[in-house]
Amino acid sequence: MTNTNDIDNIYTDLIMEHSSNSPYMRNLDLPTCSLHGHNPNCGDDITLNLKIENNKIVDAAFVGHGCAISQSSTSIMIETLIGKTIDEAKEIVDIFINMIERKKLTPAQKKKLGNSVAFENISNMPARVKCALLSWRTLQNMLEEK
Amino acid sequence: MKTNLQIKEDFEILKNNNFAYLDTGATSQHPKSVLKAVHNYYTKYNANPYRGSYSLSVNATELYNNARHKVAQLINAKYDEEIIFTKNATESLNLIAYSYCLNNLTKNDEIVVSIMEHHSTIVPMQMVSKKTGAKLKYIYLNNDFQLDPNEIKQKITKNTKIVAISSASNVLGTLNDVQSIISYAHKMGAKVIVDISQSIAHIPFDVTKTDADFVVFSSHKMFGPMGVGVLYGKKEILECMPPFLMGGDMIEYVYEQDTTYAPLPNKFEAGTQNAGGVIGLGAAIDYINEIGYSNIIKIEKELTKYALAQLKKLKFVTLYCTSDAEKHSSVISFNINGVHPHDVASILDKHNVYIRSGNHCAQPLLRYLGIDSTCRVSLSIYNTKEDIDKLILALKKVYEIFKKYIKV
Ligand SMILES: Cc1ncc(COP(=O)(O)O)c(C=O)c1O
Ligand SMILES: [Zn+2]
Numbered sequence: 001m002t003n004t005n006d007i008d009n010i011y012t013d014l015i016m017e018h019s020s021n022s023p024y025m026r027n028l029d030l031p032t033c034s035l036h037g038h039n040p041n042c043g044d045d046i047t048l049n050l051k052i053e054n055n056k057i058v059d060a061a062f063v064g065h066g067c068a069i070s071q072s073s074t075s076i077m078i079e080t081l082i083g084k085t086i087d088e089a090k091e092i093v094d095i096f097i098n099m100i101e102r103k104k105l106t107p108a109q110k111k112k113l114g115n116s117v118a119f120e121n122i123s124n125m126p127a128r129v130k131c132a133l134l135s136w137r138t139l140q141n142m143l144e145e146k
Numbered sequence: 001m002k003t004n005l006q007i008k009e010d011f012e013i014l015k016n017n018n019f020a021y022l023d024t025g026a027t028s029q030h031p032k033s034v035l036k037a038v039h040n041y042y043t044k045y046n047a048n049p050y051r052g053s054y055s056l057s058v059n060a061t062e063l064y065n066n067a068r069h070k071v072a073q074l075i076n077a078k079y080d081e082e083i084i085f086t087k088n089a090t091e092s093l094n095l096i097a098y099s100y101c102l103n104n105l106t107k108n109d110e111i112v113v114s115i116m117e118h119h120s121t122i123v124p125m126q127m128v129s130k131k132t133g134a135k136l137k138y139i140y141l142n143n144d145f146q147l148d149p150n151e152i153k154q155k156i157t158k159n160t161k162i163v164a165i166s167s168a169s170n171v172l173g174t175l176n177d178v179q180s181i182i183s184y185a186h187k188m189g190a191k192v193i194v195d196i197s198q199s200i201a202h203i204p205f206d207v208t209k210t211d212a213d214f215v216v217f218s219s220h221k222m223f224g225p226m227g228v229g230v231l232y233g234k235k236e237i238l239e240c241m242p243p244f245l246m247g248g249d250m251i252e253y254v255y256e257q258d259t260t261y262a263p264l265p266n267k268f269e270a271g272t273q274n275a276g277g278v279i280g281l282g283a284a285i286d287y288i289n290e291i292g293y294s295n296i297i298k299i300e301k302e303l304t305k306y307a308l309a310q311l312k313k314l315k316f317v318t319l320y321c322t323s324d325a326e327k328h329s330s331v332i333s334f335n336i337n338g339v340h341p342h343d344v345a346s347i348l349d350k351h352n353v354y355i356r357s358g359n360h361c362a363q364p365l366l367r368y369l370g371i372d373s374t375c376r377v378s379l380s381i382y383n384t385k386e387d388i389d390k391l392i393l394a395l396k397k398v399y400e401i402f403k404k405y406i407k408v
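Chains as they are written, first to last, in the working numbering: chain A, 1 to 146; chain B, 1 to 408.
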């Protein structure tokens, strides 16, 4: 059973807005890297496109479909990461994954997550953790090679 | 005759909790009598069946084979040894694929399955197709979510060697006309596998009357324990099939380089079996008989009718089921337009309503229908109108949360 609060904390305006009306759900001209990620269970499916110049994510966007959590998590992740260097992005990915794995975060770490901190309560909904992590795992794979 | 409210009293997990369990299609709950039979077995009778000459083992063997007899009676098999215990329906289907199909199909043969089959049929049949070169063909639907009768006649031909069909779809709830498919397939010289996993807890099945060649199902979807499955096969077919798994109990004589196999059913039951589970299945069959199929059908028809009527009142819901109530089981798939089923299920969970969401191990069917996934409600004799009212109320809450964001 999921606690009422967790649900209310997840299906918030921020998350719903990003899942239904994401400014980052679009095609990106000439991405420098692109990776597909999916959850066979849920049918969540995203393709993440990044434009990296001088070690910096100068633009990012995605296309895909799936549940509100996977889609909004992707959108908010992109919002958080645009303008960050590769090293900063890698650090933020680690912080996000730590948050989902219920590790305690410092206020400074939380600040780095920006709006992505909205997914904190997903750790209380184990059935949906994969949805929230899809874009982050995909990004992690992309950045590993950088 | 027991009512669903009285039946619910037999299921402690439902009696002691305040949730609406609407996922019997995935696995059913267990009445006290089944749990008691398993407990009784382990506290009074447990020994390795077949392996001891002391009375405890002899008794365990007898209980184990009594349960086999109950299964044979339930589906009206002529001989008890036509009933093989496996781990689940999936293993039963693999047994048929490896032991029967790989040895009897060749390049010019054809395998015909329906598009509504579970992955547990489709994936082993793909393996058979790849290894033997036999062609795998699908029977598709008409526009009322039923198997198209023309498709059946087109796809099953003189080249068809095996047909696999489920009696009831685990996604659409469609009841297939198994009898006419078997008759037609036999006319064409094919053998027929019937997957009754989704119907045996709801509707009787008679292997003798239908003349099915193979039948598979799982204990855990019919009030019995997990870890036990059934394979029925006609004696003359099973006798010609080589063993699937090798080891203890399935042998007669073992020499250094060679082995002779035990007769049926032991030939197909290698190694120590789940005797406690099998005995639990026997008790589940007693329970089904106690309630009676006619009462089960009556209760479930009434619940399904009520659920469909309530769901149809929700303008934001799309149903995926046949319009012919006579050809529809108690499984109902639907979507809230514009909302992903996993989001629906998560919010329903908050309201203590447990449904399944996803592709239900039937990806080819969903792809054929052009949908990613559905919400699925599956009803059983212990469900109540109150469960359905809870569902409807919770679906309205989901719509409230999502409505200003839905783009359809
Ligand atoms: C129609 C059908 N066939 C086969 C199966 C497989 O059953 P099991 O997972 O118990 O092997 C299922 C259930 O999951 C089913 O619904
Ligand atoms: Zn998802």
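Be a bit skeptical, because a hint or two may be false.
[Stated by the list, open to error] Heads up, simulated BS3-like pairs for lysine-lysine below, C-alpha to C-alpha not over 27 Å straight-line:
# : chain 1 : residue 1 : chain 2 : residue 2
1 : B       : Lys234    : B       : Lys158
2 : A       : Lys130    : B       : Lys158
3 : B       : Lys385    : B       : Lys313
4 : B       : Lys312    : B       : Lys385
5 : B       : Lys385    : B       : Lys396
6 : A       : Lys130    : B       : Lys407
7 : A       : Lys130    : B       : Lys234
8 : A       : Lys130    : B       : Lys403
[Unchecked claim] Partial pick of chain A residues on the chain B-facing surface, computed with a CB cut under 7 Å:
#  : residue
9  : Gly43
10 : Ala68
11 : Arg128
It is worth saying that the hints were derived from the structure and are not from the lab. We put the CB at the ideal spot given by N, CA and C, even for glycine.
> Which earlier hints can't be squared with this structure?
Replying inline: 2 and 7
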